[in-house]
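A.B. asks: Take the two lone chains, each set in its own frame, and fit them into one complex as the hints suggest.
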Amino acid sequence: MASVQTEAKPIVDESKALGWLRQMMLIRRFEERAEMLYQKGNKIGGFFHQYSGQEPVAVGSIGVLREDDWVITAYRDHGHALALGMTARAGMAELLGKVTGCSRGKGGSMHFFDAEKGMMGGHAIVGSHIPLAAGFAFASKYRGEDRVALCYLGDGAINQGSVHEALNMAALWKLPVIYIVENNLYAMGTSLVRSSSHQDLTIRCATPYGIPGHRINGNDVELMAKTTLEAVDHARAGEGPSFIEAMTYRYKGHSISDPGKYRMRDELDSYIKKDPIVVYETLLKQRGWIDDDAIEAMHEEVKAEIEEAIEFAEKSENPPLEAVYEDITVAPFISQE
Amino acid sequence: MSAFSYREALNQAMTEEMDRDDRVFLMGEEVAEYDGAYKVSQGMLKRFGPRRVIDTPISEEGFAGIGIGAAMVGLRPIIEFMTFSFSLVAIDQIVNNAANVRYMSGGQFAVPIVFRGSSGMAGCLGATHSHRLEAWYAQIPGLTVVMPATPADAKGLLKTAIRSDDPVIFIEHEVLYHEKGDIPDGDHTVPFGKAEVRRPGKDVSLITYSRSLKPTLAAAEELAAQGVDAEVIDLRSIRPLDLDTLIQSVVKTHRAVIVEEDWPYCGLGAGISDRITREVFDELDAPILRVASADAPIPYNKQLEASMLPSVPRILAAVNDVVYR
Ligand SMILES: Cc1ncc(C[n+]2csc(CCOP(=O)(O)OP(=O)(O)O)c2C)c(N)n1
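So the protein lines, in turn, are chains A and B.
Be aware that the first sequence starts at 1, since it is given in the UniProt record's numbering, and climbs by one per residue.
Be aware that the second sequence starts at 1, since it is given in the UniProt record's numbering, and climbs by one per residue.
Isolated chain B, as found in the complex (with noise of 0.2 Å):
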């Protein structure tokens, strides 16, 4: 074990990768001679030299066609949007292309491809530069989505990405990039479609991904202060859903809250709530409550901008429902 950033993880799991097979490449803005708008895929140009670390020009649609082209015929190309809001330029690729292929081709073409990238709410770059897509993707049939929340599940489920013969829609978090964790040593690759118990409780089960995980880890420190204890689930992968691990809890806490940045209204929250409700109904004592972030575009202004996260006394107030405080 060793403890390293979200970023130097995610650069790990591609070097290890590419250094293991040359059939995989990084194409995407920036991501060679200036290193990676985020300094995600430093010093993999020096390494990899120009033929598998591809700078292109700002054409989204154009170089995500470009990968699935490739990953039909045999490569394993890894896309870096520089955001996700930019992969909606894109988004036709994606959705009819690399998920559909395969399906409508009746298995004869697989699409081992990975679209990577940041997004979220990283301070004050307002409406465009903030989205959380992760609702509209989990929804394609042919995706894999997944979300780490940690360095070591950035670099285990990034490895399980670029193995994955299927598309796989793996969304970083801008403010994670600089956080730091344990890393396992060797080959450290982390299953699709397996939630992590965080914190385990008996009095409400806190269903969450990515960058909330933080403030609702912190807000179970404050619930058992007051004794109430929380159970903390970190989704890692959107779809598939480890509805299991899901149910496990419910049917031990009886009570869930969601915790989700993406928006209310047709939110990622809104279907696994669904989901629990039809497998447990009855075990529930009260309904499941999400904390989303406002039903507002993002607003530039800080303040307002912070107010509309999912937050630690959001996440304390709909507890308190859940459990009739």
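With the rest of the complex left out, here is chain A (with noise of 0.2 Å):
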């Protein structure tokens, strides 16, 4: 039985909360699928890192962002990407290696970009793209911007020099960033104690740098959202970057290949129980804004809209075989073969 663990008082409208819902159902049912094609169909290749889990801290902390901010994250890219409002067809053909992918076939599960909607990539070399959030936030600085940057990393990243050096950078500077990392307690399979030397990785990370952190429950949607809004309002005011330790679990391995054995079952049932997908339904119940046949309509909605995708995917073209030689530089390439 699912309990609610957010504070009754909502901080969102009824319209935006069953968005957020809706959202957390989509990245859901999108990786579902994937995973069934991946196994299947043989459609999918390479790796494939399921977000199943974390949606509400994608989807609470985007929630909150303007059109003009930008977001960047690493190789398990699926669930942020969908919260920005990416479509699912772009997605589902990206993994399908289709030129109608959102990044046209050349980066896969990994790599989702969409410029248009300020998706700054997922970037598979853990670490390095961390300080890239910093430079989108210098950017807006040194224009006088008041965009912001949000940048999710996984525990297991914290441990990079590449962190520590764009986090003390930014705090020097006062750049507008937000770092977000998603603790889900596993890094592959390197528990968290196994990895940092301190477990509270706000005290290793935003102490140290004199940043506001805030180690919270990532599960909880809601939260996720008033505590970024609390730090892009920061960030906006030109106070500087902030750290946010959303605590969250995977449900799956680390990728399609891994099982995941080095998790007891007992831990994963426990918050498989706790599902923030239902957790937030039964909110949303409690609260008046959706009944049982509404949600029941909201799932039929989104596996409609995912099955829509997969075809569009599938009809979808392979990229020319002279695609190889395409956007490897602006001005026209120039072999050096």
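No lab work stands behind these hints, which were simulated from the structure alone.
Fair warning: this is a prediction, and the values are worked out from it, not measured in the lab.
Result set (DMTMM-like, lysine to aspartate or glutamate): computed pairs, CA atoms no more than 20 Å apart in a straight line:
hint, chain 1, residue 1, chain 2, residue 2
1, A, K226, A, E239
2, A, K261, B, D35
3, B, K39, A, D258
4, A, K285, A, E14
5, A, K303, A, D292
6, B, K302, A, E322
7, A, K252, B, E33
C.D. replies: Structure representation (structure tokens):
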């Protein structure tokens, strides 16, 4: 039985809340279906990292952004892209390597980009995207804008030097960047206890740099939104970066090839029992904003949207072979062969 | 002789060397409790315990440097990079420290360390996870670079690497891990700087290494059917290079094609071609050609990716050019 964990006092209006619920459902369904395509049709190649269980982190935080803000993340990027409003079509087509995909079939699961939506990419080298976020923020400040950059990273990524170099400069120069660590307790098969000298990542990353740190339940979509909004306001006011440690949990193994045997079954079950989507459904029902029938209808609608996206992706073309040499440089590409 | 996979061969090499020498230890991401991202270190934690099989945080620069420091003061670390793409995070440590310490200290310190891990295109992993950086590392004086193509060489070269007093870049290939082959029994080692003639021939020398050996041998078979007798040479050692074997072969065949998976521009083949040309220019009946990957990052899409790799048709086309058919 799912229990309600968020404060009863809504921080959002009804239509926004229903939108967030739908987005979480969409992300969940997108990945469930993609996993089937991966395993059955051999249609998706390469690594495939699922976001299931962590949906409220992306949906809540992106939910308070402005359209001209930026978002950047690591390779577990499907959720962030969809939360930003990127279409399921563009995502599915990318997974199938099609030219209609969000990265024209050249990026794949780990490298979702959507310039129009401010999706600055999924990045597959752990730690390498973290300074880029500070770079977006630098540009904002340089040009006198009040746009902010949101950067997601994992608890494992915290151990890269790039994080600490970026945090130092972001704090030093008061850059409008918000780092959100999705602390799902594991980096591949390595638990936090075995990788971090201190388990409280806020103490490791916010305190030393004198920036606001928030360690919160990331599976509470509204708390995620509220905390991010605070950080966003802080950033827009020229007060510099913030650090949010969103406590969450991934349901699946690190990637599709990882059965996740290093975790106790009980541990996983205890999280599935408090599934954030079900929890939010329950909350919205209590507020009288939705009922069981409407929830069911929403699920069906999302399913249809994903099926349509799959159909679109399957019908789409592969990129032509000449595409190998496209988009390497802005100027006409001069081969060095 | 018994048949083992490339993965098992690597595991045997490490296990045997760790049995022999307590100074040898294995460190890297997921090498211990997870048994290795590609299961190369399967069972090693159980056998050697956490003192010698050590999981690290995702801190490539940090643990590469810790390994180099430990090597300077007498240990013999094996540092696993989950893939060599990630060694770029650690390249400062490898180039500025591992490769230079012996030289800069006037020979006072050796750095007996092995950096090993997978590399190359494995199938739809996109640009960041498919790099082949052999040409980068081969350029650095102070580093030894080896790239085995078979299980026997994987074991033999790795044992030699672990016993070496110099830093060794030991580059495995992701698609070779499950390949099986015979490995000589006992303490099997393979020396550095010795190429292997995999197929003798007299009409053209095909020079290759690592994953590209397979399509090169297949191309040689097709050529044989067409009446062209190709000699296939597997470099095994990228640095030091077995120039003697290459020259002997070219003196015999008068033609050479280099098959490499890295990028063409400033790639490994460029350096090898330069050496051969300078040594035996007069023996050559045709320019040395190179079949490398396309001069582009690696795309995710399967068809695009496949079109970039050295393949049998591309090798045949190059051979046809040098034999003027
Ligand atoms: C520089 C680098 N080192 C290692 C890897 C291999 N790798 C990919 S994901 C991962 C674990 C990262 O965990 P975390 O940052 O906690 O993110 P999560 O998977 O939990 O979302 C590792 C070790 C990599 N991609 N890049």
